[in-house]
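Protein chains: 2
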Amino acid sequence: MFGFFPKLPTCSHSPLAAVMSLKKNLFFFVCQGTRDYNPKQMAIREKVFNTIISCFKRHGAETIDTPVFELKETLTGKYGEDSKLIYDLKDQGGELLSLRYDLTVPFARYLAMNKITNIKRYHIAKVYRRDNPAMTRGRYREFYQCDFDIAGQYDAMIPDAECLKIVHEILSELDLGDFRIKVNDRRILDGMFAVCGVPDDKFRTICSTVDKLDKMPWEDVKKEMVNEKGLSEEAADQIGEYVAVCVAGGMDLAERLLQDHKMSQSKQACAGLSDIKLLFSFLQLFQVTDKVVFDLSLARGLDYYTGIIYEAVLTQAGVAAVSNEAQNGANAEESVSVGSVAGGGRYDGLVGMFDPKGRKVPCVGVSIGIERIFSIMEQKAEASAEKVRTTEVQVMVASAQKNLLEERLRLVTELWNAGIKAEVMYKKNPKLLSQLQHCEESGIPLVAILGEQELKDGVVKLRVVATREEIDIARTDLTSEIRRRTSEA
Amino acid sequence: MFGFFPKLPTCSHSPLAAVMSLKKNLFFFVCQGTRDYNPKQMAIREKVFNTIISCFKRHGAETIDTPVFELKETLTGKYGEDSKLIYDLKDQGGELLSLRYDLTVPFARYLAMNKITNIKRYHIAKVYRRDNPAMTRGRYREFYQCDFDIAGQYDAMIPDAECLKIVHEILSELDLGDFRIKVNDRRILDGMFAVCGVPDDKFRTICSTVDKLDKMPWEDVKKEMVNEKGLSEEAADQIGEYVAVCVAGGMDLAERLLQDHKMSQSKQACAGLSDIKLLFSFLQLFQVTDKVVFDLSLARGLDYYTGIIYEAVLTQAGVAAVSNEAQNGANAEESVSVGSVAGGGRYDGLVGMFDPKGRKVPCVGVSIGIERIFSIMEQKAEASAEKVRTTEVQVMVASAQKNLLEERLRLVTELWNAGIKAEVMYKKNPKLLSQLQHCEESGIPLVAILGEQELKDGVVKLRVVATREEIDIARTDLTSEIRRRTSEA
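The listed protein sequences correspond, in order, to chains A and B. What the first sequence shows, in numbering that gives the first Met the number 0, is residues 0 to 488, in sequence order. What the second sequence shows, in numbering that gives the first Met the number 0, is residues 0 to 488, in sequence order.
Errors might be hidden in some of the hints.
What the hints assert, rightly or not - Below, a list of computed lysine to aspartate or glutamate pairs in the DMTMM-like style, where the Cα atoms sit at most 20 Å apart:
no., chain 1, residue 1, chain 2, residue 2
1, A, 426, B, 101
2, A, 89, B, 259
3, B, 125, A, 87
4, B, 386, B, 347
5, B, 427, A, 101
6, B, 125, A, 101
7, A, 426, B, 347
8, A, 89, B, 274
9, B, 276, B, 259
As the list claims (entries may be wrong) - Some chain A residues judged to face chain B by a derived CB distance under 10 Å, without partners named:
no., residue
10, 109
11, 154
12, 202
13, 269
14, 395
15, 399
16, 401
17, 402
18, 420
19, 431
20, 432
21, 435
None of these hints come from the bench; they were simulated from the model. Ideal Cβ positions, reconstructed from N, Cα and C, are used throughout, including at glycine.
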C-alpha cells in the first residue's frame with residue numbers, strides 16, 4: 000500500500016491520509032486557491048512584467064524586496080475587516096509570523112525601520128489572502144502585486160497625479176481594452192459621512208460597506224448599513240443621495256459639491272474637493288483625463304488610506320472574455336461585474352504607526368492587479384494564431400548520421416562559449432526527424448547539421464526550419480551567421 | 000501609550016507585546032533570519048539574476064513557477080533529517096500547508112501532476128528553512144534558489160554533464176574567484192557503505208554524517224557515526240579509509256576504485272564508477288575538466304538523490320572576504336570553511352513518489368546558492384569605487400525660475416510618452432541646486448532645464464551633469480538628443 004512512498008512520512012500528519020489523497024483527484028496536489036505557472040504562462044507573465052517594470056523605471060523608481068513573512072504584530076490592525084484573511088504561520092518556537100497580506104504595510108515598516116523619509120520604489124512580489132478563490136476570474140489565495148509608491152513630503156497632488164499617469168500608461172500599453180480610473184478622497188467620504196450624521200466611530204465600517212457599491216445595488220448596501228452596522232435610516236438615505244446620485248464627473252462635480260450647502264460645512268470635505276480639482280489640473284498636463292472620473296461612490300476597504308483613493312476598472316471586451324470562463328452558477332453574479340485591475344491611494348499615517356516616535360512619512364501609491372491581467376493575456380494568447388515561444392533557443396545542433404555525439408557536443412560547446420542559445424539532444428544517436436520535430440514544436444529557427452562529409456570539409460550545414468533552405472557555412476563563420484539570422488527574426 | 004497604534008490590534012497576540020516590541024531594538028521589526036533588500040542590493044541582485052538566467056536560457060531552458068506553500072504531505076518524507084526545518088502554516092481551517100523547503104520537490108510534484116515526462120526548466124524563487132541563520136555568511140531562513148533541471152529518459156550522463164557545464168559557466172561569468180566542482184555518485188557511496196559493512200537501513204543516516212566532512216575533521220565524523228548512529232568501529236574505519244584517503248581525483252581515481260578488490264564487489268559502486276568515467280569524457284568535450292574533481296567524501300544530505308551528486312565551492316579570495324565579516328566568536332569556526340555556492344544531482348525516484356502508479360521520470364539538476372553569491376557581490380560593490388546606480392533615469396526635467404511647474408509637467412509628459420526615463424521634482428518651486436544635487440546623487444546623466452527665455456525660444460537647455468556643459472536644443476529634437484547621449488553612456 001505504501002509502495003510509492005519509499006520513505007514513510009515522519010511528521011505528525013498521518014501517512015494514510017497522505018496516500019489517500021494521492022488517490023483522490025489530482026487537483027488536491029496543490030493548495031486550494033493557488034496554481035502552478037507552466038512555461039507558456041510564464042512567457043506571458045514575463046512579457047506583462049516587462050511592460051510594467053519598464054513603466055516604473057521610466058518614472059525613475061528604484062526597487063526593494065521584503066520577506067514573505069512579517070512579524071504578526073506588524074500586520075495587526077492595518078486591514079480593518081479584512082484582517083481575518085491573514086495567513087499565520089504555525090508557532091514552532093520563536094516569533095509569531097504571518098504571510099504578508101499586501102506590499103504596502105511591509106513598505107511602511109521598511110521606511111520606519113530604516114528611517115527613510117523619501118523614496119520612489121516599486122515592488123513586485125506575491126501576497127497571501129485566505130479569501131474565497133475565484134480562479135477563473137484571476138482571484139487567488141497567492142497572487143502577485145505590482146506596487147509603485149512615492150514617499151516624501153511634497154507639494155499637494157503632484158505624486159498622486161503621477162501614480163494615475165502610471166496606471167494610464169500601463170493599461171494602455173498592455174492593450175486590455177477600454178478602462179476607466181475612478182478617483183475619490185477619504186476626506187470627502189469622511190466629510191460626507193459627518194454631514195450625513197454618521198457617528199465618528201462608524202466611519203471606517205460604513206466606508207467598507209460603501210466600497211461594495213460596485214458589486215451590490217444601493218438597496219443592499221443600505222440594508223447592510225442599517226441592519227448590520229446599525230446606522231440610522233436617515234443617515235443612510237442622505238449618503239445614498241450623494242453616492243447613488245452624484246456618482247461620476249470631473250472637476251465640475253468637485254466644483255458643484257464645493258457649492259453644496261451641506262458638504263461645504265465640512266472642512267475635511269472641502270480640503271478633499273479642492274485637492275481633487277488640483278489633481279485634475281495636473282492630470283490634464285499629463286494628458287490622462289480621458290480615462291479619469293471623480294466618483295463619489297468609490298470607497299476602498301483598507302483602513303490605512305487618508306486622502307485620495309483610486310481604482311482602475313476594465314469597462315468591456317477584455318473583461319467579458321474572462322467572465323465567460325466562469326464555470327458554474329455560483330459565478331454568474333460575478334460575471335456581470337467589471338474587473339478592477341489597479342487600485343491605490345494616499346496613506347499618510349501608516350509609516351508613523353511603525354515609528355516609535357510616531358514620525359509620519361506621507362505616501363501615495365498604486366498596486367496593479369496583475370493576476371486578472373494575466374488571465375486576460377492568457378486568453379488572448381489562446382485565441383491568437385501566433386504560438387507563444389517558451390524558450391529563446393536560436394539553433395539546434397543535430398546530426399543525420401550515427402556516432403557523432405562527441406562532435407555534436409564539441410560544436411554545441413563552441414556555440415555556448417560564444418554566447419549562442421543552443422540545444423543538443425541528449426541521445427547518442429537521435430533520428431534527424433525527431434531533432435527537426437523538436438525544432439518545429441519549440442519554434443527553434445535554425446538547425447546546425449553535422450555529418451562525416453561536413454566534418455571533413457570543415458563546414459556545418461545550416462538549415463532554416465521555416466523554409467527548409469540548407470546552406471553550408473564554414474565552421475569559423477557559424478556563430479556570426481547564426482547571430483545575423485536570428486537578430487533579423 | 001497606544002498613541003502610535005490608531006487601531007488596537009484585533010488578533011490574539013496582545014497589543015501590549017506589540018507596542019513593547021516597537022520600543023525594543025529595531026532589529027525586531029523583521030523576523031530572525033530574514034532581511035529586506037534595499038535598492039542597491041536589488042540592483043546587484045538583478046545583475047546576478049541576469050547572468051544566471053542568460054545562462055539557463057542559453058541552454059534552452061523554459062521556466063515555471065509553483066506556489067510558496069505546498070500541501071504538508073507533499074513535503075513529508077522527502078528531506079530525511081532536515082524535515083524538522085520545514086515551516087508549517089497554522090491550521091486556520093482547510094488544508095495543512097507548509098512553506099516549500101526547496102524547488103526540487105515542488106518540481107517533481109508538478110511533473111507528476113501534469114504527467115510531464117520531459118522538460119528542461121529553470122525556477123528562481125524563495126525557499127524557507129527554520130535553520131540557524133548565519134546572515135553574515137549569506138545563510139538565511141528565507142533565501143533564493145536558482146534551479147536548473149533536466150527531466151526525461153536520456154542516454155547516460157549527457158544531461159548530467161550539461162548541469163556541470165552550466166555551473167562552470169555561471170561561476171566563471173560571475174567572476175567570484177577560483178572554484179572547484181566536487182562530484183560523486185550515491186551508488187558509489189551506497190556500494191562503499193555495503194562493502195564496509197554498514198547495515199542497509201543506516202545508509203541514509205551515515206550518508207548525512209559523511210556529508211559533514213567539509214565542516215568537521217574525520218575524527219568527529221567517525222565519533223558521530225559510532226556514538227550517535229550506532230555504527231561499528233570497524234565499519235567506520237573502513238569508510239574512513241576511502242573518504243579520508245582517496246579523496247580527490249578524476250577519471251584515474253574512478254579507474255583505481257574500479258580495480259579496488261573490495262569496491263569491485265559492489266555492482267552499484269561499479270555502475271557509479273563507470274558513469275563517473277563517462278561523465279568526465281563529456282566534461283572534456285564541454286571544456287570544464289579544469290574545475291571538476293571526483294571526491295569520494297562528497298555525500299550531500301538530501302534523501303532523494305539516486306545517482307551523480309555534485310557541489311561547487313569557492314576555494315579562496317572571494318570567500319575570505321565574506322568570512323571576515325563574521326562578527327562574533329561563534330562564527331570563528333565557520334570562517335575557515337570554504338563556501339558552497341551550487342549543488343545538485345540526479346534524483347530518478349522523486350517524481351514516481353507523486354505518481355499514483357509510481358511511474359518514474361529520471362531527473363538531474365543543479366541549484367545555485369545565490370545568497371552567498373549576493374553577499375560576495377555586495378562586498379565587491381562596497382569595496383569598489385564605482386557607484387551602483389539604483390535607477391535608470393536618463394534625464395531630470397528642471398527649472399531655474401519660479402512658477403514653471405506646469406511647464407515642467409508638460410515637458411516630462413512629452414518625454415515619458417516618447418519612452419524616455421525621466422524625473423521631475425514634486426515641488427512647485429524647487430531650487431535649481433537641489434535638482435542638480437539629486438542628479439549627482441542618483442547618477443542621472445542629463446538635466447533638461449526650462450526657463451522663460453527657453454520657452455519663448457522653443458528650446459530646452461540640456462545640461463550634462465558630469466561635465467557641466469550646457470547646450471540649447473530645439474524642443475522637437477530633445478528626445479532624440481537624449482537618446483543619443485544616453486545610449487553612448
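Do the hints match the structure? See the list:
Straight-line distance between C-alpha atoms of residue 426 of chain A and residue 101 of chain B comes to about 29 Å, which puts the hinted pair past the 20 Å bound. Under the criterion of a C-alpha separation no larger than 20 Å, the hint pairing residue 89 of chain A with residue 259 of chain B is inconsistent with the structure, at around 51 Å. Straight-line distance between C-alpha atoms of residue 125 of chain B and residue 87 of chain A comes to about 18 Å, which keeps the hinted pair within the 20 Å bound. Pair hint residue 386 of chain B plus residue 347 of chain B does not hold up; C-alpha atoms about 47 Å apart against a cutoff of 20 Å.
For a cut-off of 20 Å, the pair hint linking residue 427 of chain B to residue 101 of chain A is broken: about 32 Å separates their Cα positions. The suggested pairing of residue 125 of chain B with residue 101 of chain A holds, with an alpha-carbon distance near 17 Å, which does not exceed 20 Å. A threshold of 20 Å between alpha carbons decides the hint, and for residue 426 of chain A with residue 347 of chain B the separation of about 17 Å falls inside it, so the pair holds. Between the alpha carbons of residue 89 of chain A and residue 274 of chain B the distance comes to roughly 44 Å, so the proposed pair goes past 20 Å and is violated.
For a cut-off of 20 Å, the pair hint linking residue 276 of chain B to residue 259 of chain B stands: about 15 Å separates their Cα positions. The interface hint given for residue 109 of chain A holds, since its Cβ lies 5 Å from the closest Cβ of chain B, which is under the 10 Å cut-off. Interface restraint check: residue 154 of chain A against chain B, minimum CB-CB distance 5 Å, threshold 10 Å, status holds. Evaluation of the residue 202 of chain A hint against chain B yields a violated restraint, the C-beta minimum of about 12 Å exceeding 10 Å.
Nearest Cβ of chain B to the Cβ of residue 269 of chain A: about 21 Å, over the 10 Å cut. The hint is violated. The interface hint given for residue 395 of chain A holds, since its Cβ lies 9 Å from the closest Cβ of chain B, which is under the 10 Å cut-off. Among the interface hints, the one on residue 399 of chain A is violated; its C-beta lies about 18 Å from the nearest C-beta in chain B, farther than the 10 Å criterion. Look at residue 401 of chain A: its Cβ only gets to about 13 Å from chain B, farther than 10 Å, so that hint breaks.
Proximity of residue 402 of chain A to chain B is violated relative to the hint, the smallest CB-CB distance being about 13 Å (cut-off 10 Å). Restraint check, residue 420 of chain A versus chain B: the minimum CB separation of about 5 Å is within 10 Å; hint holds. Because the smallest distance between the Cβ of residue 431 of chain A and any Cβ of chain B comes to about 17 Å, over 10 Å, the interface hint for this residue is violated. The beta carbon of residue 432 of chain A comes no nearer than 17 Å to any beta carbon in chain B, farther than 10 Å, and the hint placing it at the interface is violated.
Restraint check, residue 435 of chain A versus chain B: the minimum CB separation of about 16 Å is more than 10 Å; hint violated.
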